[in-house]
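Student: In the order they appear, the protein sequences are chains A and B. Numbering of the first sequence is given in my numbering, commencing with residue 1 and proceeding in unit increments. Numbering of the second sequence is given in my numbering, commencing with residue 1 and proceeding in unit increments.
Please note: incorrect hints may appear among the correct ones.
[What the hints assert, rightly or not] Cβ-Cβ distance ranges computed for the label pairs, FRET-style: (1) D224/A x Q97/B: 52 to 62 Å; (2) D225/A x A10/B: 25 to 35 Å; (3) D225/A x Q94/B: 43 to 53 Å; (4) D14/A x R138/B: 23 to 33 Å; (5) D90/B x E73/A: 25 to 35 Å; (6) Q94/B x A68/A: 19 to 29 Å; (7) A49/A x Q69/B: 47 to 57 Å; (8) Q69/B x I52/A: 23 to 33 Å; (9) Q69/B x S5/A: 56 to 66 Å; (10) V135/B x D225/A: 39 to 49 Å.
Just so you know, the hints here were simulated from the structure itself, not pulled from any lab data. Beta carbons are placed, not taken as given, at the ideal position from N, Cα and C, and that holds for glycine.
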Amino acid sequence: MKHLSEEQLIAYQDGEISGRDAAAAHINSCAECKAELNRLAEMLAAYQALPIPDPGEDYGRRVWQQIAPRLEEKRSHWWQVFLEPRRLTAAGLVAALLLVAFLAGRVSKRADHGDAALTAEQVRQRVLLLAVGEHLGRSEMVLMEIANAEPEGASVKQVSLSSQRRRAEELLDENRLYRQTALQEGDTGIANVLDELERVLLDVAHSPGNLTPAQFKSIRQRIDDDGLLFKVRVLTQEIERREKTGKQGPAESGSAKVERNNQA
Amino acid sequence: MNESVESVRAADAIAIERTLAGDRDAFRVLVERHSATIFRLAYRLTGNHHDAEEIVQEAFLRAYQKLEQFASQANFATWVYRIAANYTIDRMRQRKQEDARRQAPSTEMSDDVEQDPLRQVPDAAPTPERLTQSVELRRQMENALNSLTPAERIAFVMRHCDGCGIEEIAAALKSNSGAAKNTVFRAVHKLRQMLEPQLAPRATARAMGTES
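The task is simple: from the sequences and hints, build the whole structure.
Tutor: Put into structure tokens, the structure is as follows:
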């Protein structure tokens with residue numbers, strides 16, 4: 001048989017030669033072709049081993065900082081955004097708020113503003129408090145699970161947060177909605193805690209399903225550093241208190257209490 | 001495909017969906033996750049840290065601008081890799097043309113015109129002794145890479161450093177698979193000629209398929 005041509009040797013090395021068995025048989029019986037193939041493989045291996053500088057662990061962050069100011073906001077189609085299944089919960093709550101506010105408005109007008117009648121604003125506040133309280137309860141569960149998550153054994157190199165990640169994604173939409181509403185209401189205490197919660201939920205939602213111990217530690221550290229679990233619990237209690245007393249949640253008192261506790 | 005690759009793809013899909021819905025910051029996840037891979041490609045293609053960083057930034061800017069064209073079933077890592085390769089080849093060709101304009105017209109290189117590889121062998125051809133010295137070997141290897149056309153260099157790096165398939169290379173080169181395969185072969189042939197000058201006469205004879 002003829003020696004393999006250079007093109008055939010390269011194709012053989014690439015695993016793309018036709019008649020591979022015949023070529024392999026020849027190479028095995030021909031010292032010259034075998035030596036040529038080895039030289040080719042060595043050259044390719046040398047290229048693969050050429051050193052590449054390490055851009056550093058925070059390289060991605062630096063790239064983002066450089067390009068972020070040059071990215072224009074993308075205009076979203078509202079119907080695309082709100083027709084996504086996991087957003088329907090939040091959208092439903094918005095509808096409930098509007099409906100309750102509308103009905104309460106009619107009732108309160110007819111009730112001649114008597115003491116027993118709730119104003120539209122009071123009803124709206126109550127619905128909002130109920131929804132935020134329920135949201136905080138579910139968020140606290142996710143944070144608790146992360147705080148208590150451990151690798152399954154010493155040999156396990158990854159921590160799975162896939163369940164928490166899915167729920168964090170769902171909670172994110174609601175969280176944005178409540179935070180914006182709280183801001184509009186001037187309730188900065190609720191808005192601030194929701195803002196901190198949103199950052200952690202974002203981290204969890206964007207994390208891979210399986211985290212390395214370092215990635216996991218970073219998320220848990222963030223929860224710990226912010227004292228987030230504590231803040232969420234304090235806010236939950238404050239909301240429960242407001243619901244029970246029927247107090248309209250004056251932004252000053254509620255927020256001030258959370259703020260005070262946050263600083264504790 | 002293993003679990004972690006699947007989870008990365010799922011997380012990418014969420015980030016893309018959020019970006020398209022108007023959440024610009026969601027794109028950050030994609031940038032942070034894939035920048036290092038694109039940097040490695042860009043450095044292999046240019047051999048220059050500064051150029052590689054510029055390519056990474058441009059690749060992600062282009063990916064953001066074209067995100068609406070991204071097919072949801074596709075792999076974002078592969079997609080942005082291809083954008084980086086496309087951009088790099090355009091940039092390298094443009095630079096070669098600018099360099100050629102500054103020099104005499106006879107030195108102009110083209111992807112379409114195959115040059116005699118032997119003419120590109122550096123004067124200081126590597127000897128076996130010198131090849132054993134890693135610093136010298138590296139310099140020779142880099143010189144050899146620099147003498148490839150942009151298409152050859154990209155085809156070689158994608159195929160032999162990153163293990164890309166021929167179809168993927170063809171897409172990056174905006175070419176067909178036959179031409180892409182030829183480009184890979186031409187690149188390997190040239191590199192061998194430049195790094196193994198002592199083997200050149202035999203390799204030339206072998207290309208004819210001589211009897212053993």
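Student: Each of the hints needs a verdict: does it hold here or not?
Tutor: Hint-by-hint comparison with the structure:
1. D224/A x Q97/B: 52 to 62 Å: 56 Å, holds
2. D225/A x A10/B: 25 to 35 Å: 28 Å, holds
3. D225/A x Q94/B: 43 to 53 Å: Holds, at about 48 Å.
4. D14/A x R138/B: 23 to 33 Å: At roughly 24 Å between Cβ atoms, R138/B and D14/A fall inside 23 to 33 Å, so the hint holds.
5. D90/B x E73/A: 25 to 35 Å: 27 Å, holds
6. Q94/B x A68/A: 19 to 29 Å: Roughly 27 Å apart at Cβ, these two residues keep to the hinted range, so it holds.
7. A49/A x Q69/B: 47 to 57 Å: For A49/A and Q69/B the Cβ distance comes to about 36 Å; the hint is violated.
8. Q69/B x I52/A: 23 to 33 Å: 30 Å, holds
9. Q69/B x S5/A: 56 to 66 Å: 42 Å, violated
10. V135/B x D225/A: 39 to 49 Å: 46 Å, holds
When the structure is compared with the earlier hints, violations turn up for hints 7 and 9 and for no others.
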